[in-house]
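Each residue of the sequence shown is one higher than the last, beginning at 1 in my numbering.
Among these hints, one or two may not hold up.
Each pair of labels, with its calculated beta carbon distance range [claimed, not checked]:
no. : residue 1 : residue 2 : range
1   : Val38     : Ala79     : 23 to 29 angstroms
2   : Leu43     : Leu19     : 36 to 42 angstroms
3   : Leu81     : Gln17     : 25 to 31 angstroms
4   : Thr34     : Ile57     : 46 to 52 angstroms
5   : Gly36     : Leu75     : 36 to 42 angstroms
6   : Arg76     : Ile20     : 42 to 48 angstroms
7   : Leu43     : Asp21     : 25 to 31 angstroms
8   : Thr70     : Gln23     : 38 to 44 angstroms
9   : Gln32     : Leu71     : 33 to 39 angstroms
10  : Leu53     : Gln17     : 23 to 29 angstroms
11  : Ser35     : Leu71     : 27 to 33 angstroms
Calculated from the structure, these hints are not laboratory results. Backbone N, C-alpha and C define an ideal beta-carbon position, used for all residues, glycine too.
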Amino acid sequence: MNRLAGKRHLGFYELLQLLIDEQGSTETLIQQVTSGRVTARDLQIKNKKYEELQQRITALTAEYNDGTRTLEQFLRAVAYLVPEGENY
């Protein structure tokens, strides 16, 4: 939950909003699975795709933090990795 929130200590209303958002996402996913629009295999592929993307972004972040990349180079690289309209 902290990873989703982006910080360690959440205020009550921030936590509440995060839980409401998560509930909505979960309900949508349940509806998709029960209707047959999404299968367990689709979910595995999506999770693997997200995992690979996260590893690439982590490597880019390390390069930026080490001073190997400028902010502009970092942002361009991330924008290149995440095509517009792609859902993870």
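A quick look at each hint next to the structure:
For Val38 and Ala79, the hinted distance range of 23 to 29 angstroms is satisfied, since their beta carbons lie about 27 angstroms from each other. For the hinted restraint 36 to 42 angstroms between Leu43 and Leu19, the CB-CB distance of approximately 21 angstroms leaves it violated. At roughly 28 angstroms, the beta-carbon separation of Leu81 and Gln17 lies within the given 25 to 31 angstroms, and the hint holds. For the pair Thr34 and Ile57, the beta carbons lie near 32 angstroms from each other, so the given range of 46 to 52 angstroms is not met.
In this structure the supplied range 36 to 42 angstroms holds for Gly36 paired with Leu75, their Cβ-Cβ distance being about 39 angstroms. Roughly 34 angstroms separates the CB atoms of Arg76 and Ile20, a value that falls outside the hinted 42 to 48 angstroms. Taking the beta carbon of each, Leu43 and Asp21 are about 19 angstroms apart, not inside 25 to 31 angstroms as hinted. As the Cβ distance of Thr70 to Gln23 is approximately 40 angstroms, the hint placing it in 38 to 44 angstroms holds.
For Gln32 and Leu71, the hinted distance range of 33 to 39 angstroms is satisfied, since their beta carbons lie about 37 angstroms from each other. Under the hint 23 to 29 angstroms, the C-beta atoms of Leu53 and Gln17, about 25 angstroms apart, fit the expected range. Our hint of 27 to 33 angstroms for Ser35 and Leu71 is violated, since their Cβ atoms are close to 43 angstroms apart.
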